[in-house]
Amino acid sequence: MDDSILQMINSTLRVSTPLLFAAIGGMISERSGVINIALEGIMLCGAFTAAAVSLATQSAPAGAAAAVLCGLLVAAAYAFFVIEIRADQIVAGIAVNMFAAGATAFLCKILYQSSTSTPSLALEYRFQSAPVWMAGGVVILAWAWMKYSPLGLWVRFAGEHPEALDSAGIGVKRVRWFAVLLSGVLSGMAGASLSIFLASSFTRNMTSGRGFMALAAMIFGKWKPIPAALACLFFGFSDALQIRLQGVVLWGSEPVPVQFIQILPYLVTILVLAGVVGQSRAPKALGLPFRSS
Amino acid sequence: MSFAVEFKALTKTFNGVAANAGISLKVKKGSIHAIVGENGAGKSTAMKMLYGTYQPDSGEIWVDGKLWGGRSKPWSSPSDAIHCGIGMVHQHFMLAGTHTVLDNILLGVEPIRKEWKYLPIPNFLKGIDRTRAAKRLKEISQQYGMAVDLKPSVETLSVGLQQRIEILKLLYREASILILDEPTAVLTPQETSELFLHLRKLRDEGKTILIITHKLKEVTSLADRVTVFRGGRVVGEREIQETNEEDLATLMVGRKVNLHREPPPLPALRKPVLTLKNVSLGTVRKLRNLNLQVRGGEIVGISGVEGNGQSELLDLLIHPQHYSKILSGEIEILGRPSNALTTREIKSSGVGVIPEDRHKEGLLLDRPVRESFLLGLHRNAPFSRRGIVSEEAIDKNAKKAIREYDIRPAHAYARCGALSGGNQQKWIIAREFHQTPELLIAAQPTRGVDVGAIEFIHQKIIDARMAGSGVLLVSSELDEILDLSDRILVFYEGEIVGEFNRGEASEKVLGLRMGGAADL
Amino acid sequence: MRLLRRVQIGQVLKPVFSVALGLTLGLLVTKIAGEDPWHVFKILVNSAFGSRYDLGMTLVYATPLIFTGLSVAFAFHAGLFNIGAEGQLAMGAFAAAAIGYRLQNLPPYIAPLVATLGAALAGGIWGGIPGWLRAKRGSHEVINTIMLNFVAAGCCGWATIYLIPNLDSQNPETGAVGANFMIPHFAFFGEAPVSFALPLALLVAFGFWFFLWRTVTGFEVRAVGQNESAARAAGIDASKVRILSLFVAGALAGLVGVGEVLGTAGRFKLGFSPGYGFIGIAVALLGRNRPIGIVLAALLFGALHKGTSDLDLETENVTRDISLILQAAVILCVSSEGVWDLFLKRGRKKEAKNG
Chain A
1 MDDSILQMIN
11 STLRVSTPLL
21 FAAIGGMISE
31 RSGVINIALE
41 GIMLCGAFTA
51 AAVSLATQSA
61 PAGAAAAVLC
71 GLLVAAAYAF
81 FVIEIRADQI
91 VAGIAVNMFA
101 AGATAFLCKI
111 LYQSSTSTPS
121 LALEYRFQSA
131 PVWMAGGVVI
141 LAWAWMKYSP
151 LGLWVRFAGE
161 HPEALDSAGI
171 GVKRVRWFAV
181 LLSGVLSGMA
191 GASLSIFLAS
201 SFTRNMTSGR
211 GFMALAAMIF
221 GKWKPIPAAL
231 ACLFFGFSDA
241 LQIRLQGVVL
251 WGSEPVPVQF
261 IQILPYLVTI
271 LVLAGVVGQS
281 RAPKALGLPF
291 RSS
Chain B
1 MSFAVEFKAL
11 TKTFNGVAAN
21 AGISLKVKKG
31 SIHAIVGENG
41 AGKSTAMKML
51 YGTYQPDSGE
61 IWVDGKLWGG
71 RSKPWSSPSD
81 AIHCGIGMVH
91 QHFMLAGTHT
101 VLDNILLGVE
111 PIRKEWKYLP
121 IPNFLKGIDR
131 TRAAKRLKEI
141 SQQYGMAVDL
151 KPSVETLSVG
161 LQQRIEILKL
171 LYREASILIL
181 DEPTAVLTPQ
191 ETSELFLHLR
201 KLRDEGKTIL
211 IITHKLKEVT
221 SLADRVTVFR
231 GGRVVGEREI
241 QETNEEDLAT
251 LMVGRKVNLH
261 REPPPLPALR
271 KPVLTLKNVS
281 LGTVRKLRNL
291 NLQVRGGEIV
301 GISGVEGNGQ
311 SELLDLLIHP
321 QHYSKILSGE
331 IEILGRPSNA
341 LTTREIKSSG
351 VGVIPEDRHK
361 EGLLLDRPVR
371 ESFLLGLHRN
381 APFSRRGIVS
391 EEAIDKNAKK
401 AIREYDIRPA
411 HAYARCGALS
421 GGNQQKWIIA
431 REFHQTPELL
441 IAAQPTRGVD
451 VGAIEFIHQK
461 IIDARMAGSG
471 VLLVSSELDE
481 ILDLSDRILV
491 FYEGEIVGEF
501 NRGEASEKVL
511 GLRMGGAADL
Chain C
1 MRLLRRVQIG
11 QVLKPVFSVA
21 LGLTLGLLVT
31 KIAGEDPWHV
41 FKILVNSAFG
51 SRYDLGMTLV
61 YATPLIFTGL
71 SVAFAFHAGL
81 FNIGAEGQLA
91 MGAFAAAAIG
101 YRLQNLPPYI
111 APLVATLGAA
121 LAGGIWGGIP
131 GWLRAKRGSH
141 EVINTIMLNF
151 VAAGCCGWAT
161 IYLIPNLDSQ
171 NPETGAVGAN
181 FMIPHFAFFG
191 EAPVSFALPL
201 ALLVAFGFWF
211 FLWRTVTGFE
221 VRAVGQNESA
231 ARAAGIDASK
241 VRILSLFVAG
251 ALAGLVGVGE
261 VLGTAGRFKL
271 GFSPGYGFIG
281 IAVALLGRNR
291 PIGIVLAALL
301 FGALHKGTSD
311 LDLETENVTR
321 DISLILQAAV
331 ILCVSSEGVW
341 DLFLKRGRKK
351 EAKNG
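Chains as they are written, first to last, in this note's numbering: chain A, 1 to 293; chain B, 1 to 520; chain C, 1 to 355.
These aren't lab readings, by the way, just hints derived from the structure by calculation. Just so you know, these numbers come straight off a predicted model, no measurement behind them. The beta-carbon is built from N, C-alpha and C at its ideal position, and this holds for glycine as well. Be aware that a few hints might be false.
Chain B side only, calculated, beta carbon under 10 Å to chain A, not exhaustive [said to hold, decoys possible]:
no.	residue
1	M88
2	T98
3	L125
4	L168
5	K169
Here chain A stands alone, though its shape is the one from the complex:
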């Protein structure tokens, strides 16, 4: 019994890791006023890059570094469209997600003659547990940074009252660029921890909504780092539970339908937003492009 509890904790932590990275990234971006549904796409790009580079270099850290770089680049493109050109953040985010789905499959086909998955990576070239610790570190750093550093304060003002930040002489666009790029870095790492930590290869659309689940966790966590991390752990737990409960008969004669456990995070988010389970308030300037007059 003890063993299975330990196992459960272990798998919860592992499954939560990509969510933690992405949720913290999403939180930073949204606190600065930029909606980031491109998380999903950036994660996917990161996952592919990590798998490909790890394969080529036979080194997981190199793969992760490449994933982070890739996340940075995709986030830069996204930032350019939504901050500089002021394209609609949701529309641009959807476009990035489409692009990521297409481009990863496209490159996969070119590099490995298969558009469904990359060759699988030997165990010794994958992460064993490092991403879990890193994710924990990221959460704590993000919390301290948001609370205690000037830049953290600027990010919060950029999302809450950008004009105030501007009139205090600090460029809103620059702060938002920084926040979106940082969210790209973290989402890239989230992708890497999917493909070279949880799995052994990149498979087509392997994020399967985890970017949105991270977004949900962030909302459930009221746009704050520690509660968002707890929400990730909760979602990770329900995910781990679902894997364990597959085919298990709990009551009656039918096995527990996994679908209902899968939709749990999304239902919780809806209930939270409706004020049924606690209140959650978005940053005031979320989604509004900033024009310096």
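Mind docking chains B and C on chain A? Use the hints.
Relative to chain A, chains B and C alone:
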């Protein structure tokens, strides 16, 4: 004589329209300098150029005897202005409500904790030394006598305190030139006099203060010198001793102003169109024990400083269904109890409303103005039949309205947002008067409207009264209230604290009552 | 007057230019795979419009996009962003399949009608939920519709596998609907299953225009979308309009089920939609939220989808996945049109100065 600020022939155009045309202006060091003018006279534009928000097209700005900005040496941004010791309190406060007072003040000039100082990372990643900031702020607030609690989040504070935080923000940045844009618009009379006290103190400590306003009384009581703007130009500059309100008003408008008009004698009063009995609102008591009646053929004016319950009263009259749970007392609109009425029933039973904020509550700014005209009339014949809209009826009636109200541009397909304030207001009045209202609720009917249109709108309100309508006029302009109202009610903190018949009240008496002063 | 005309031409030219730019950029990507972009483009065009069959398939793909485009646009006119068309269309399609599977005895002609209404109703209810949440609880519809997409996928998956599965197949799909539910095809397009769903879509597009621009309720929807407080002050019940608008948007998306279930597959297949709901956002954006624009934009995206489907066979390395890249490039270019406005304005200002 040294000047803190000097403008030399500043010009700024927007879309080919000159907002500032050759502005020249000198501000003495250590003085309070007022800039007055009507809406759109170019006051704010000039100040925003000084603050670096806008770049001038031509001309120069000198600060402390040095060339600081202009065509040849432009500001790049407000942050340059801040470095030069220029600070601005905007009309809409630059404060984030969810953050603490302290964080709002030290934003952009955060002190770094000493123990982090030598870490090889950029400063903006190090820890903020909030203790040190708080200590310095305490010193500053003691020096200028502006006490404030640093811990609470800004949204819990009164408007007056929020403004004080804005000023502290500038002092913390060691600004020597302070620009205040319409600082008293949202203040109660007490808060206003307190602000003036602080401003005089600041001047005596050597700060230079530029204050934008259109309230002439404040100019004469506060400023040392005043510059008058009209149509993007400077039309006069006076020492305060050598001028008075009439003189400034004439300069501002450009002709002898005679806004005082005597309405024709009272017509026979008809039956009540609006009755409030013991009306109170909710536990926060935004409205307290209101009793008032408006009868057909009279204008009842409600005066008061903004934020004393007028907006709540207006919303309550238009949307009674939202307040059914927290309302006590009785409201009768055109003889029917209002709690049984929906907004649509109120509007269609003969109530016309000129909303307080026409952009927010009256118009569809991004659509052709004919759709704004249709709004609210859309369920009535001839504008629609059996649920289908009649384009011809809209066009026909819009044309009629354009003729009758002298609206420009003279077609109904112009984008509503592109019209001037006066013409937008005329469209609203044309719409609300389409069926002569039995009850007219007119809130701030001439706000942001040019002088010519003001006279026209006042005439329309008087016409409605002569035709037998009952008018509830809510305005923060005392002149408007005094000229139009047959009876005047004064609002203070959600209560009626004074009632006067025409001719009984003076500006002074009203002003005192508005500030909550009891009998003299 | 001349200026007015120029602006309108700009309104038409801008999207055309954006699409061209997006396609060019997207096709340049094929260079990486060692293909000639021009050659790929020719394959695309040929495969989308080359024969009656090809044209037919393009129309088959365009039909659901007309519905989802209208769905997104309708919500947009009410000031709402419907990202939930994907979930709404799944609910609609499942409802159509469930009705067709369970009520096999309905008389012909009545049967497809009932299934169509069922699809609209199911989609409508799924859309109405975020509408209700927005109107009554104030929670934002963007996040709720995203979340409901996943919830819909879960619910449909469960119902498909546990309630009415196709026992003869390993695939997650429902049993077949009765033959009397199937709607006829146009013989003109040969094998391509161009069904009566296409004329239905065009009819609905017309109804969309008539409702929004000619009826009182439509005016109220647009008024709420433009300025909610002003609409409320004019006596319009904004909550009701919000709920109604997302209900209608959901119903429009739900109608996708008509073509996909009653027109082609004859059953609900889990995950049948290649993102019709999301592409619908691009369709509405490109079509300027106007019915004619939406129909044209749906055609374009339908053609992209059909065109790229042959790339697997005709080229070495380029797969149909390129269609996602092309779509993304077009969407980004279209959504960046604010930039063109800036340029146009600057040009006009210069002209005004010179003139």
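Would you check whether B/L168 satisfies its interface hint, that is, whether its CB is within less than 10 Å of any CB in chain A?
Since the shortest Cβ distance to chain A is 13 Å, the answer is violated.
Is the hint on B/T98 kept, meaning its closest Cβ partner in chain A is under 10 Å away? holds (6 Å)
Hint B/M88 vs chain A: min CB-CB distance below 10 Å?
This hint holds: B/M88 lies near chain A, its Cβ roughly 7 Å from the closest one there, short of 10 Å.
Would you settle whether the hint for B/K169 is holds or violated, based on the nearest Cβ-Cβ distance to chain A being less than 10 Å? Holds, because the Cβ-Cβ distance from B/K169 to chain A comes to roughly 8 Å (cut-off 10 Å).
Can we keep the B/L125 interface hint, with Cβ of chain A closer than 10 Å?
holds (5 Å)
The structure does not agree with numbered hint 4 stated previously, though it agrees with all others.
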